[in-house]
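Q: So the sequences go chain by chain: U and C. The numbering of the first sequence is the UniProt record's numbering, which starts it at 1 and goes up by one. The numbering of the second sequence is the UniProt record's numbering, which starts it at 1 and goes up by one.
Hints may contain errors.
Note that identical chains are pooled: a pair holds if it fits in a single copy or bridges any two copies.
Straight-line alpha carbon distances no greater than 20 Å define the calculated PhoX-like cross-link-like pairs of lysine-lysine that follow [unchecked claim]:
hint, residue 1, residue 2
1, K20, K83
2, K58, K86
3, K8, K86
4, K19, K41
5, K63, K145
6, K51, K9
7, K45, K125
8, K8, K145
9, K20, K63
These aren't lab readings, by the way, just hints derived from the structure by calculation.
Number of protein chains: 2
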Amino acid sequence: MQFDFIDKKLITLLQQDSKKTNKELSNTLNLSVTAVYERIKKLEKQGIIDKYVALIKKEKVNKSFVAFCHIKLTQHTQNYVVKFEKEVANLEEVLECYHISGDYDYLLKVLVKDMAAFREFMVNKLTSINHIGSTHSMFMINEVKHTTAISV
Amino acid sequence: MQFDFIDKKLITLLQQDSKKTNKELSNTLNLSVTAVYERIKKLEKQGIIDKYVALIKKEKVNKSFVAFCHIKLTQHTQNYVVKFEKEVANLEEVLECYHISGDYDYLLKVLVKDMAAFREFMVNKLTSINHIGSTHSMFMINEVKHTTAISV
DNA sequence: GGTGAAAACTCGCACTT
DNA sequence: AAGTGCGAGTTTTCACC
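All chains should be built: construct the whole structure from the sequences, respecting the hints.
A: This is how it looks when you write it as structure tokens:
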């Protein structure tokens, strides 16, 4: 499962714009349309390309408030951890959740409309999950960079 | 700039899988192919749909180590802030960078191969940026949830 | 990896509600 | 203002070289 220079270039291009046609890609890569097609299929089959998605502008759908929440659990038995992770993953406001090293157990990225909606989220959804010890929230002032593209 | 139930459904579907054809979408939405086409074009024109991308599995491209870095600047004059943000945004290992409230100024999400690569990144890239006061890094133990899809 | 052709899809047009 | 059906031109997909 190794990829050559052309594969890397292809992955880079598709991470930037997945709507490029195989013909356009074939021009950029100096390959035939079929060769591009086969390479993409291979990358998909190998699971390197996970999926294709539309990215939407959060501000345009009335979700401009981003918060990062550190969470510490009161207990760390298998049961509680699994339950917590499952419940958090089901919250639509939680875009990302990571189990991390350090003073807190988890780091969450939460997206809502505004501070009022965040308060609502904290009171009614997040802290209603059992066994949450302490939380510490930070608010996004400005998004300096946010990319889904991994350099290869 | 309001969207109805069908638009919301459409946005949800395209955030899950942007490779769905207009025909497939038209079946799901009980619309004609052209109607779907027109709605998508409108969402693109309005900037609600920002772009279409391929998401790749980071583990498959040898990038399995995720770190979150808190950064505090020594100075906060316009000049230094702008320069810092520009330099950080240019680092390929930095996938996300947010100016945040709290004890630290910035929160970065960094993706590299392993701990050794992270050390390399810290020593040679991040801390070589001027006017960084202190940093505090946390390491991802497990990715519980990570989605690009915003609920609408 | 390339060629060529069939099948499927996109997208503008004319027309309807 | 938004939807439908049609059809030419592209794009995708695949058997074969």
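Q: Look at each hint and say if it fits the structure.
A: Hint check results:
1. In this assembly of identical chains, K20 and K83 lie within 20 Å of each other by CA distance neither inside one copy nor across copies; the values are 41 Å within and 33 Å between.
2. With identical chains, the CA atoms of K58 and K86 are never at most 20 Å apart, being 25 Å at best within one copy and 22 Å at best between copies.
3. With identical chains, the CA atoms of K8 and K86 are never at most 20 Å apart, being 35 Å at best within one copy and 25 Å at best between copies.
4. For a Cα distance limit of 20 Å, the shortest separation of K19 from K41 qualifies both inside one copy, at 15 Å, and across copies, at 13 Å.
5. In this assembly of identical chains, the alpha carbons of K63 and K145 lie at most 20 Å apart whether taken from the same copy (17 Å) or from different copies (19 Å).
6. Proximity of K51 and K9 under a CA criterion of 20 Å is satisfied in both settings, with 18 Å inside one chain copy and 19 Å between copies.
7. In this homomeric assembly, K45 and K125 never come within 20 Å of each other (Cα to Cα): the closest approach is 38 Å inside a single copy and 35 Å across copies.
8. Proximity of K8 to K145 under the C-alpha cut-off of 20 Å is found in neither arrangement, the shortest distances being 22 Å within a copy and 26 Å between copies.
9. In this assembly of identical chains, the alpha carbons of K20 and K63 never lie at most 20 Å apart, being 29 Å within a copy and 25 Å across copies at closest.
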